[in-house]
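*Asks:* Next come the chains, spelled out residue by residue.
There are 2 protein chains.
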Amino acid sequence: MKKIYLLTPGPTTVPDAARAAEGQPIIHHRTTEFEDIFKRVSEDLKIVFKTQNPVLTLAASGTGAMEGAVANTLSAGDKALVVQGGKFGARWSEICEAYGVEAVNIDVEWGDIAEPGVVKEHLDKDPDIKAVFTTLCETSTGTLFPTKDYGEIIRERPNTIFVVDAISGLGACDMETDAWGVDICVAGSQKGLMIPPGLAFASVSEKAWKLAETSTLHKYYFNFKKARKSLEEKGQTPYTPAVSLIVGLGKALEMIKAEGMDNVLKRHALLAEATRAGVKALGLELFSKSPANAVTAVKAPEGVDGGEIKKTLDKKYGIKVAGGQAHLKGKIFRIAHLGFIATFDVITGMSALELTLKDLGYPVELGKGLCAAEEVLSRA
Amino acid sequence: MKKIYLLTPGPTTVPDAARAAEGQPIIHHRTTEFEDIFKRVSEDLKIVFKTQNPVLTLAASGTGAMEGAVANTLSAGDKALVVQGGKFGARWSEICEAYGVEAVNIDVEWGDIAEPGVVKEHLDKDPDIKAVFTTLCETSTGTLFPTKDYGEIIRERPNTIFVVDAISGLGACDMETDAWGVDICVAGSQKGLMIPPGLAFASVSEKAWKLAETSTLHKYYFNFKKARKSLEEKGQTPYTPAVSLIVGLGKALEMIKAEGMDNVLKRHALLAEATRAGVKALGLELFSKSPANAVTAVKAPEGVDGGEIKKTLDKKYGIKVAGGQAHLKGKIFRIAHLGFIATFDVITGMSALELTLKDLGYPVELGKGLCAAEEVLSRA
Numbered sequence: 000m001k002k003i004y005l006l007t008p009g010p011t012t013v014p015d016a017a018r019a020a021e022g023q024p025i026i027h028h029r030t031t032e033f034e035d036i037f038k039r040v041s042e043d044l045k046i047v048f049k050t051q052n053p054v055l056t057l058a059a060s061g062t063g064a065m066e067g068a069v070a071n072t073l074s075a076g077d078k079a080l081v082v083q084g085g086k087f088g089a090r091w092s093e094i095c096e097a098y099g100v101e102a103v104n105i106d107v108e109w110g111d112i113a114e115p116g117v118v119k120e121h122l123d124k125d126p127d128i129k130a131v132f133t134t135l136c137e138t139s140t141g142t143l144f145p146t147k148d149y150g151e152i153i154r155e156r157p158n159t160i161f162v163v164d165a166i167s168g169l170g171a172c173d174m175e176t177d178a179w180g181v182d183i184c185v186a187g188s189q190k191g192l193m194i195p196p197g198l199a200f201a202s203v204s205e206k207a208w209k210l211a212e213t214s215t216l217h218k219y220y221f222n223f224k225k226a227r228k229s230l231e232e233k234g235q236t237p238y239t240p241a242v243s244l245i246v247g248l249g250k251a252l253e254m255i256k257a258e259g260m261d262n263v264l265k266r267h268a269l270l271a272e273a274t275r276a277g278v279k280a281l282g283l284e285l286f287s288k289s290p291a292n293a294v295t296a297v298k299a300p301e302g303v304d305g306g307e308i309k310k311t312l313d314k315k316y317g318i319k320v321a322g323g324q325a326h327l328k329g330k331i332f333r334i335a336h337l338g339f340i341a342t343f344d345v346i347t348g349m350s351a352l353e354l355t356l357k358d359l360g361y362p363v364e365l366g367k368g369l370c371a372a373e374e375v376l377s378r379a
Numbered sequence: 000m001k002k003i004y005l006l007t008p009g010p011t012t013v014p015d016a017a018r019a020a021e022g023q024p025i026i027h028h029r030t031t032e033f034e035d036i037f038k039r040v041s042e043d044l045k046i047v048f049k050t051q052n053p054v055l056t057l058a059a060s061g062t063g064a065m066e067g068a069v070a071n072t073l074s075a076g077d078k079a080l081v082v083q084g085g086k087f088g089a090r091w092s093e094i095c096e097a098y099g100v101e102a103v104n105i106d107v108e109w110g111d112i113a114e115p116g117v118v119k120e121h122l123d124k125d126p127d128i129k130a131v132f133t134t135l136c137e138t139s140t141g142t143l144f145p146t147k148d149y150g151e152i153i154r155e156r157p158n159t160i161f162v163v164d165a166i167s168g169l170g171a172c173d174m175e176t177d178a179w180g181v182d183i184c185v186a187g188s189q190k191g192l193m194i195p196p197g198l199a200f201a202s203v204s205e206k207a208w209k210l211a212e213t214s215t216l217h218k219y220y221f222n223f224k225k226a227r228k229s230l231e232e233k234g235q236t237p238y239t240p241a242v243s244l245i246v247g248l249g250k251a252l253e254m255i256k257a258e259g260m261d262n263v264l265k266r267h268a269l270l271a272e273a274t275r276a277g278v279k280a281l282g283l284e285l286f287s288k289s290p291a292n293a294v295t296a297v298k299a300p301e302g303v304d305g306g307e308i309k310k311t312l313d314k315k316y317g318i319k320v321a322g323g324q325a326h327l328k329g330k331i332f333r334i335a336h337l338g339f340i341a342t343f344d345v346i347t348g349m350s351a352l353e354l355t356l357k358d359l360g361y362p363v364e365l366g367k368g369l370c371a372a373e374e375v376l377s378r379a
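Line by line, the protein sequences are chains A and B.
Taking numbering that gives the first Met the number 0, the leading residue of the first sequence gets 0, the next gets one more, and so forth.
Taking numbering that gives the first Met the number 0, the leading residue of the second sequence gets 0, the next gets one more, and so forth.
No wet-lab data here; the hints were simulated from the structure.
Please note that the accuracy of each hint is not assured.
Stated by the list, open to error - Just so you have them, the derived chain A footprint on chain B, three or more residues with Cβ under 8 angstroms:
1) 15-27
2) 86-99
3) 218-225
4) 241-251
As the list claims (entries may be wrong) - Computed list of lysine to aspartate or glutamate pairs in EDC-like fashion (alpha-carbon distance at most 20 angstroms, straight line):
5) B:228 to A:93
6) A:314 to B:32
7) A:314 to B:34
8) B:1 to A:32
9) A:310 to B:32
10) B:328 to A:93
11) B:38 to B:232
12) A:1 to B:96
13) A:315 to B:96
14) B:225 to A:96
15) A:224 to B:232
16) A:314 to B:96
17) B:224 to A:96
From the three backbone atoms N, C-alpha and C, an ideal C-beta is built for every residue, glycine too.
Required output: the full structure, derived from the provided sequences and hints.
*Replies:* Structure representation (structure tokens):
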């Protein structure tokens, strides 16, 4: 008998109530029954995004909405600034390249952030930059980027939009779409929104809609204008929506509203802090210089392979965590505290980590990480 | 107490076993557990498609794979031939237009088909045509197009690929992808595959892969080459897959294999024939000149509004059917017999139709449609 615990940064555990909602007999989408659900979901998403802008829902994974953000606003030959310090920041560059958009990259070391001043310098130097693409929480390194500070710099520039990949951050890290001047905020269903993967979201500001008027890049399935029209005029999507996931999302959003968005964020902050305190008490080091509240990246200690930690946690204890990607393979492991996660998930993860480290011969004082984590959690 | 019966041409009823599979706790996709499922699903799809080519699975609705078929094979300024006689045929033209591909349209009256000779004429006249886009079953009119005959004409031409939208037809109408020389066959999850919407599929032939080498249209999320590489090398998808739908699909494909693909098609043929016999016995006329086995389009009788038929079936009897689209609004209604559908679903639909027609003042001899349908069904 092995119980499985999902502590990965997406997919995250789907609450029973949402799973039950998804599993109801499928309904037809061209009905008022579906429209009522979809309109409510689209409104409730605004609470999570902290925006008054329309939030579009696409049947795709998050990358689809990232592609849409590029294809709907830019034209071939346009210049964009990309802040990249990990696998997902790099995805913005890849998409720009695939579309013939010139990406000016601010490359920061993985685990680090770009100082807002560096973004400002680039924009001052190059007024042709039409869009700045960044990441709220870089999942590959567990790093929170200073989105608010970037927003202050970009919002003053009438010809530059600010686009944020908040896929793994939304619902865990504070994301004030409107207050921070974020023109397009992209998200996915399988992270803080607690639903299986298959839905992508994008909130779009007036400034971005205006830029969209001039965009000549090819788009069809991810046409934001069509999606907005369909949503606003009919409570519909232009193409068949992922009905069961949207029904499940309705339930997950009810849970978020019942808890209160600010409480959701406070919960994540506390769970993240407890996790960080626990791993530090075990003598481990955090990988990120700016740790996010969605996922904690931990350096594998000297002489222990990060891949082995991940594998032992999984095979022996049923705890799923993520390893390191690209050049960080074997060097770090990543414990998520994201979505449908509470006190005893952190405790469980910490206990399993202690046992795993002991198994792998790392000198660990059993209970030390647990104590430190519990100390933080007791403040709840 | 009202029981709901879904007789719409997608979404179709999801079998309990598939719903239960979807509703299991979510698993992480970067695991051998998921890879095993995904590889098996990808192989099993070949049985449904009747192909040896790789079948790609995308997190999107069917339209996403249609867009992919255009974006991965063509370049701006290329010429394509589109056979269109309904809403979904027209979608090929729209996608071509959105991508700067010149669509040469063969426009046939809705409900009719294009004779293969017409396709041949166009190709003879215009050897620059790089792709022919058609529809297996045009859902908006319930029409089966002669895919096999088109294939015979196109397969001889080394520089022209044959692309078929089989979204609503696959699993109900015979579709011999390889035998008929179909280079890209596109499908969706919510029709004959009996799963909620959110997955799109495309099988891709060597001829199409070769053309893909020269394609310069922009693509990222729907990049077929990346999807193939990821599938073949790792049993993975390049971007997060719609895990729960794929798990459900695994179960639905098991059901299809247990029944046997040819039996699945025979079942659909019989249910469709019974439906046609029933509506004709009631004095109603079929709309299509070439009725498909996925959905039957029926002309609303003189003096009765098709929209009222649809509405009464729904509101009074809990039977969901589709109405007419575009200029056919109010003129036809469409009863699907597609996916997880058996004898008594047709009987139920027929009974409800008789009761509805009586309610609306159409002179109906109760039981006449039922008798005719049952007569056909008794041959099973």
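*Asks:* Does each hint fit the structure? Answer for all of them.
*Replies:* Okay, the hints, checked on the actual structure:
| no. | hint | result |
| --- | --- | --- |
| 1 | 15-27 | holds (count 8) |
| 2 | 86-99 | holds (count 5) |
| 3 | 218-225 | holds (count 5) |
| 4 | 241-251 | holds (count 4) |
| 5 | B:228 to A:93 | holds (17 angstroms) |
| 6 | A:314 to B:32 | holds (12 angstroms) |
| 7 | A:314 to B:34 | holds (17 angstroms) |
| 8 | B:1 to A:32 | holds (15 angstroms) |
| 9 | A:310 to B:32 | holds (14 angstroms) |
| 10 | B:328 to A:93 | violated (44 angstroms) |
| 11 | B:38 to B:232 | holds (11 angstroms) |
| 12 | A:1 to B:96 | violated (54 angstroms) |
| 13 | A:315 to B:96 | violated (55 angstroms) |
| 14 | B:225 to A:96 | holds (15 angstroms) |
| 15 | A:224 to B:232 | violated (37 angstroms) |
| 16 | A:314 to B:96 | violated (52 angstroms) |
| 17 | B:224 to A:96 | holds (16 angstroms) |
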